[in-house]
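Engineer: Turn these sequences into a full structure, and let the hints guide you.
The primary structure of each chain is shown beneath.
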Amino acid sequence: MTAIRATNLSKRYGGTVAVSDLSFDVEPGRVTGFLGPNGAGKSTTMRMVLGLDRPSGGSALVDGLPYAELTHPLRKVGALLDAKAVHGGRSARNHLLAIAQSNGIPNGRVDEVLETVGLREVARRRIGGFSLGMSQRLGIAAALLGDPEILLFDEPVNGLDPDGILWIRTFMRGLAAEGRTVFVSSHLMSEMAQTADHLIVIGRGTLIADTSVREFIGRSSQGYVRVRSPRLAEVAELIKVGELHHDHLRVTAMSPVEIGTLTARAGIPLEELTSVQPSLEAAYMELTKDSLEFTS
Amino acid sequence: MIDILRSEWTKIRSVRSTVWTLAIAVLLLLGMSALLNGTADDPVDGAQAISLSLGGVMLASLPMAALGVLVISSEYRTGAIRVSLMAVPRRLSLLTGKVVVFAVTSMVVCTLALACTLAIGLAISRPATFDAGAAVQVALGSALYLTACGLFGLGLGTLIRHTPGAVVSVIALILVVPPVTNQLPGQWGDVVAAHFTTNAGMLVVTGHGNEHLGAWSGFGVYMAWIAVALVAGAVLLRRRDA
Numbered sequence: 001m002t003a004i005r006a007t008n009l010s011k012r013y014g015g016t017v018a019v020s021d022l023s024f025d026v027e028p029g030r031v032t033g034f035l036g037p038n039g040a041g042k043s044t045t046m047r048m049v050l051g052l053d054r055p056s057g058g059s060a061l062v063d064g065l066p067y068a069e070l071t072h073p074l075r076k077v078g079a080l081l082d083a084k085a086v087h088g089g090r091s092a093r094n095h096l097l098a099i100a101q102s103n104g105i106p107n108g109r110v111d112e113v114l115e116t117v118g119l120r121e122v123a124r125r126r127i128g129g130f131s132l133g134m135s136q137r138l139g140i141a142a143a144l145l146g147d148p149e150i151l152l153f154d155e156p157v158n159g160l161d162p163d164g165i166l167w168i169r170t171f172m173r174g175l176a177a178e179g180r181t182v183f184v185s186s187h188l189m190s191e192m193a194q195t196a197d198h199l200i201v202i203g204r205g206t207l208i209a210d211t212s213v214r215e216f217i218g219r220s221s222q223g224y225v226r227v228r229s230p231r232l233a234e235v236a237e238l239i240k241v242g243e244l245h246h247d248h249l250r251v252t253a254m255s256p257v258e259i260g261t262l263t264a265r266a267g268i269p270l271e272e273l274t275s276v277q278p279s280l281e282a283a284y285m286e287l288t289k290d291s292l293e294f295t296s
Numbered sequence: 001m002i003d004i005l006r007s008e009w010t011k012i013r014s015v016r017s018t019v020w021t022l023a024i025a026v027l028l029l030l031g032m033s034a035l036l037n038g039t040a041d042d043p044v045d046g047a048q049a050i051s052l053s054l055g056g057v058m059l060a061s062l063p064m065a066a067l068g069v070l071v072i073s074s075e076y077r078t079g080a081i082r083v084s085l086m087a088v089p090r091r092l093s094l095l096t097g098k099v100v101v102f103a104v105t106s107m108v109v110c111t112l113a114l115a116c117t118l119a120i121g122l123a124i125s126r127p128a129t130f131d132a133g134a135a136v137q138v139a140l141g142s143a144l145y146l147t148a149c150g151l152f153g154l155g156l157g158t159l160i161r162h163t164p165g166a167v168v169s170v171i172a173l174i175l176v177v178p179p180v181t182n183q184l185p186g187q188w189g190d191v192v193a194a195h196f197t198t199n200a201g202m203l204v205v206t207g208h209g210n211e212h213l214g215a216w217s218g219f220g221v222y223m224a225w226i227a228v229a230l231v232a233g234a235v236l237l238r239r240r241d242a
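The listed protein sequences derive, respectively, from chains H and C. Oh and the first sequence: position 292 is 292 in full-length UniProt numbering, straight run, nothing missing. Oh and the second sequence: position 12 is 12 in full-length UniProt numbering, straight run, nothing missing.
Quick caveat, the hints were computed from the structure, so don't treat them as lab data. Some clues are possibly wrong.
[Unchecked claim] Pairs of lysine to aspartate or glutamate, DMTMM-like flavour, derived with a Cα cap of 25 Å:
no., chain 1, residue 1, chain 2, residue 2
1, H, K84, H, E112
2, H, K76, H, D111
3, H, K84, H, D147
4, H, K76, C, D241
5, H, K76, C, D3
6, H, K76, H, D25
7, H, K84, C, D241
8, H, K84, H, E149
9, H, K76, H, D147
Structural biologist: Written out as structure tokens, the structure reads:
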């Protein structure tokens, strides 16, 4: 069963189109990155999946049902949208307790998740005094309360220090490894490159790509081989397909092995023979270029 | 539903604003009763002593209304409403949970507080006799009135979703506008004034009606106002994006 399915999902606010005719599936057992520039419609889409915002058109189903029709939804779906969206006057434990009780989750589970995210020591402190990192952990604890199969995180590493980022990244990978569905949004390609297996890329509310991370790089821009030599003109003449730059030759149609073999036979010394893969960041920038131009 | 009630009870008991608003309401009730009975010049009879004892009800309605507003508006202020709606996507169930938990909490606290309020007032004034039945009736009526004011706040909080806006609105509707309506001219003016929110609702606190409404029918009219606020809030809660 597909964990999350968006079908022609659309959302308009007055005259502004936030999400337009967006269709995608999110599958279990892997981390699916939901990528797009700020303002692309990621949060709006997640809110529609969670039944918070009403779609202007299309539908979003969770495990085959609209979110609002799930009984005890937190046992199926856990989500962290905004870690600071909590009542600061409540203790961490009472905050989680109220959420657990609403879905018939036993009180003991509250202490378990506090332990999991490392907040047991501060369970009785008021949330208002929590750092962003602690709030983020509390939000994740809330998402985990019902031991859900499906987890959604909206920009979970925003504003976190490197330790916190590493912790969340490892944590999400672990959840996916347990067979759960992890759907995580980010506007940072580099972040997704290290966390996600699959990518859903949107820009200006429409789908740009729905692909594995590897395909995403391959499809969007070509890798090449960089060749440097004191006799660069001779190399260029020898392999013909290269593109000559002022201090190196760029070859897309041949592998380093082929180039090396040819130049060795011709007795031409090389200073560099490097296979250059385009960075995910570059691939992402290229794909979302259009949507950025209009938003900025 | 029982799950939602337990959850809402945890929410309402675990923030300081609940303790503060209830404490202020109770202190106003007790303080005004002691003050008014203690400073009465002449010996008072039973009915007057009871009436003086309830002098704080109008003031106590303000913290109760504020608490009603906060039950929902504090979730909008912080964004926690989204966490609540993710847990309970059936929005009317969530609102019902809030209404029930607030109403029960308020009734328990206010009934106990009013019993003490009357006891203090009667102990200070020492009237020769008093009508115990009437005392029980106005104590219950006052507890209902205060709870109703809180529900008015809860309805307006759901409607307006903004703490200061909802608090100002509820104060206007229960304290500021009702005396203004008394200035309305003509027979229609009288009718409007008599039926306007707390002008009708306070009859259950005084325990006797006027030419338009009885004590309990007045309270019924007040509850109709509150029902309108709650239903409008509920409709918008269902329809709006969270």
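Engineer: Work down the list of hints and note, for each, if the structure agrees.
Structural biologist: Checked hints:
no.	hint	result
1	K84(H) <-> E112(H)	holds, 22 Å
2	K76(H) <-> D111(H)	holds, 20 Å
3	K84(H) <-> D147(H)	holds, 22 Å
4	K76(H) <-> D241(C)	holds, 22 Å
5	K76(H) <-> D3(C)	holds, 17 Å
6	K76(H) <-> D25(H)	holds, 17 Å
7	K84(H) <-> D241(C)	holds, 19 Å
8	K84(H) <-> E149(H)	holds, 24 Å
9	K76(H) <-> D147(H)	holds, 8 Å
In this structure, every one of the numbered hints holds.
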